[in-house]
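Chemist: Please build the complex by placing chain B on the supplied structure of chain A, with the hints as guidance.
Spelled out, the chains give:
Number of protein chains: 2
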Amino acid sequence: MRSLQEKIINEGQVISDTILKVDSFLNHQIDPEFVMAMGRELANRYAGEEVTKVLTVEASGIALALTTGLALKTPVVFAKKKKAATQDSQTYSTKIFSFTRQEAVDIYVNKKLIHARDRVLIIDDFLAHGEALRGLADIVEQAGATLVGVGIAIEKVFQNGGQALRKKGIRIESLAPITSLSGGRVSFV
Amino acid sequence: MRSLQEKIINEGQVISDTILKVDSFLNHQIDPEFVMAMGRELANRYAGEEVTKVLTVEASGIALALTTGLALKTPVVFAKKKKAATQDSQTYSTKIFSFTRQEAVDIYVNKKLIHARDRVLIIDDFLAHGEALRGLADIVEQAGATLVGVGIAIEKVFQNGGQALRKKGIRIESLAPITSLSGGRVSFV
Numbered sequence: 309m310r311s312l313q314e315k316i317i318n319e320g321q322v323i324s325d326t327i328l329k330v331d332s333f334l335n336h337q338i339d340p341e342f343v344m345a346m347g348r349e350l351a352n353r354y355a356g357e358e359v360t361k362v363l364t365v366e367a368s369g370i371a372l373a374l375t376t377g378l379a380l381k382t383p384v385v386f387a388k389k390k391k392a393a394t395q396d397s398q399t400y401s402t403k404i405f406s407f408t409r410q411e412a413v414d415i416y417v418n419k420k421l422i423h424a425r426d427r428v429l430i431i432d433d434f435l436a437h438g439e440a441l442r443g444l445a446d447i448v449e450q451a452g453a454t455l456v457g458v459g460i461a462i463e464k465v466f467q468n469g470g471q472a473l474r475k476k477g478i479r480i481e482s483l484a485p486i487t488s489l490s491g492g493r494v495s496f497v
Numbered sequence: 309m310r311s312l313q314e315k316i317i318n319e320g321q322v323i324s325d326t327i328l329k330v331d332s333f334l335n336h337q338i339d340p341e342f343v344m345a346m347g348r349e350l351a352n353r354y355a356g357e358e359v360t361k362v363l364t365v366e367a368s369g370i371a372l373a374l375t376t377g378l379a380l381k382t383p384v385v386f387a388k389k390k391k392a393a394t395q396d397s398q399t400y401s402t403k404i405f406s407f408t409r410q411e412a413v414d415i416y417v418n419k420k421l422i423h424a425r426d427r428v429l430i431i432d433d434f435l436a437h438g439e440a441l442r443g444l445a446d447i448v449e450q451a452g453a454t455l456v457g458v459g460i461a462i463e464k465v466f467q468n469g470g471q472a473l474r475k476k477g478i479r480i481e482s483l484a485p486i487t488s489l490s491g492g493r494v495s496f497v
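Just so you know, the protein sequences line up as chains A and B, in that order. Counting from 1 along the first sequence, just add 308 to a position and that's the residue number in the numbering used here. Counting from 1 along the second sequence, just add 308 to a position and that's the residue number in the numbering used here.
Isolated chain A, as found in the complex (with noise of 0.2 Å):
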């Protein structure tokens, strides 16, 4: 989408090679009507695939999540994170790990959210090591219902996390495909 490559090379910031920040239109800051745009890229690029909910987690993937549900006029899910595991029967739960905060946490969703006749887009800001991803997957099995595919904004296709759930033959929808962030520049695919 050159739209938002161009709006990262102007207004990303390279932290180190292997971390872009996007917070003045995405993960702290959102400029709404750009969210909106990227929603029905993604939107279009799943149209036909008849989506019935479109899932992610809390808390930077709702904003695209909510605009891709607003575009296919699906409900969205957020799965929520919290510190502990404790059994429940009511959840559908999984463990990720955090490469920011550099620890794991339990991700779950009300079972009665999603059914097994649901055909599901995870939506999520960033793929990197694709953990998030990997942890909403599993809830959608868990579900036993009908992974449609992955909807991102930016990947870094150098971490590798998109490369492992495409070789599980999961589809990958990544609006700016990032390739190097070598020497604070930004390289697309």
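Worth flagging that the hints you see were computed from the coordinates, not collected in a lab. Do not rely on the hints blindly, as some may be mistaken.
Which copy is meant is left open, so a pair is good if it fits within one copy or across any two.
Claimed, not checked - With a cut-off of at most 35 Å between alpha-carbon atoms, the simulated DSBU-like pairs for lysine-lysine come out as follows:
# : residue 1 : residue 2
1 : Lys-420   : Lys-390
2 : Lys-329   : Lys-381
3 : Lys-390   : Lys-329
4 : Lys-315   : Lys-419
Values in this document were obtained by computation on a predicted structure and should not be read as measured data.
Modeler: Only chain B this time, still in chain A's reference frame:
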């Protein structure tokens, strides 16, 4: 907002005399069209106030803040939460107490994202004790910006957070003000 009151009656779960769950359309699953309608309503109530920025706090305020920002055509900023208060010259931060989690958390906003000339509308999903709103208002004050008012989906009037904020002269618009959850029944103003 009549449609919100109806949705609360039809889909809300009264867990106790103080706890109402609206996980089916606002706090866990989101009904995008409905949250868009709520955002439009809040934008209408603040029309003419020349709002330049919508401010909320992660995670469950993000959806309503985003749709309000879409309707007002303004950027949306969500304050982030963190565990420990580290001194940081780049952020405005304040401590709030979460009654849900029974712990104090720090919320912070990068100083680049709110300016003295901003006219800020604070948005959140719930108003109970008013801790989150008090913290967000504090951040607006630290930035030297103007607080135009507060927009809330559901106010639990009986928990008095709104009363304290109104006494300080802060305008609060609640789409569904609830006077009681006693006996498993939702009573509106």
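Chemist: Failing hints, ascending?
Modeler: none
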